[in-house]
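K.L.:
Sequence:
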Amino acid sequence: MIEIDDATQIRSAKREIRAAIGDVAGVWARLDEAVRREADAIREADAKGQPTIPVVRFADIVENRVPAAQVADIHRRGAALIRGTVDRDQIARWNEAVASYIDSNGYAAQKDDGNLQKYFGGLSAKTPQIFAIYWSRPQVEARQHPNMAAARRFLNRLWRFADTGDEATAGKLFFDPDREVAYADRVRRRQPGDTTLGLSPHMDGGSIERWLDPGYRRVYRRIFTGDWERHDPFDGEFRVEAREFPAPNTSTFFRSYQGWLALTGQGKNDGTLQVVPMIKHSVAYLLLRPLLDDVPEDVICGAGRGKAQAILPQWHQPLIDAQVSIPHAEPGDTVWWHPDCIHAVGDEHRGTDYSSVMFIGAGPLCAKNAEYAARQRGRFLAGETPPDFSPEHREKAYRGRGGEADLTDLGRRQLGLEPWPTDGASPARATLIKECAAAAAG
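Quick note: the sequence shown uses UniProt numbering, first residue 1, plus one each step.
To be clear, the hints were calculated from the coordinates, so they are not data collected in a lab.
The beta carbon of each residue, even a glycine, is placed where N, CA and C say it ideally should be.
Any given hint could turn out to be false.
[Claimed, not checked] Listed next, with one range per pair, are the computed distances between beta-carbon atoms:
hint	residue 1	residue 2	range
1	Gly165	Ala41	25 to 31 Å
2	Gly215	Ala59	33 to 39 Å
3	Arg412	Asp163	27 to 33 Å
Between the sequences and the hints, there should be enough to build the whole structure, so can you do that?
P.N.:
Here is the structure:
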């Protein structure tokens, strides 16, 4: 098979997309005006201390009483903070145990392989000092915690996950919103006064793939035909078909939301998460910007194979203008953002305590994620680095590593060590579970 280089594919994709849109200049003028108007409104609200990112009480999720206005706000903003997801006493125990796991195993004296620097190499801020640990006992316990499952179930159900929009009448589920696949990720533990952890705005989960991969092209089909106003960021129909180009630290897993669980309090001045909370407008701007005449034909603004999608002043200043910090998060709160949500990390931690989180996203059951689980479960049992990350395997000899004995029934299913039951499932759900079991079996 003859491999076509990225530059040739980029030029070809641009020609195809321009032809499908027709009046690129007219579509862009409409979008640019809408983006600048949204950015102005976000900046004004933030300056007045008004909320720009919705805050949901976990208790309201449990009682099924989350206001419709908050749901609409999540759809509009692409991010949310869920207050009180996990009990603070439990968080305190996990936070202490994570710190002990890092220190007692001599993490600081061990050299990394530099692949994280390569992934974030296109960003203007410094490389993040995130701890590449995945299997500490607190992380294993947190991923399978029933409250985390409930939070993800609520969030997944904000997507269109069935072909009819109603599971009871669906002929097909794109993914199962109520069943999760565990995606082992890392820990952030940032010291007060630190200035080395900043990250300029970016997107994860691929970069040039958004223009070149057929699955991604279907996800953004309305944007790529100029009808960006009708794009639904929460339409899951083709998300599970999108494929990323393999590279260290590039997620090949469908995360309906990236997310983290706060181990300490943190807010605007604590070197924590910042987002651009206008999900539909920002992704349309990102995708159509490379089609303008000031961009070289073989360039996609801020994108490159094996790199995070950088959001750069040269190409994307109106999006950067809309960047705001998350609301103050307390220990036990969770923060979630859509996979197409532009996000960043503050350059400086000006607080007085550690700013620490466990990265735990939402990965609903689907064939793509079941395939990943099949590759990940052996890594868990051996204490090796998960498939999407640089294969350092430093935890194999770590004391305090979580193991199979630490798993609940839910945790075993999330890691693909046991199948999900089909008893009482709707026909569409039962079919999806069986397809995922086949995918996990290879």
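K.L.:
Give a verdict on every hint.
P.N.:
Verification of the hints:
no.	hint	result
1	Gly165 x Ala41: 25 to 31 Å	holds, 30 Å
2	Gly215 x Ala59: 33 to 39 Å	holds, 38 Å
3	Arg412 x Asp163: 27 to 33 Å	holds, 30 Å
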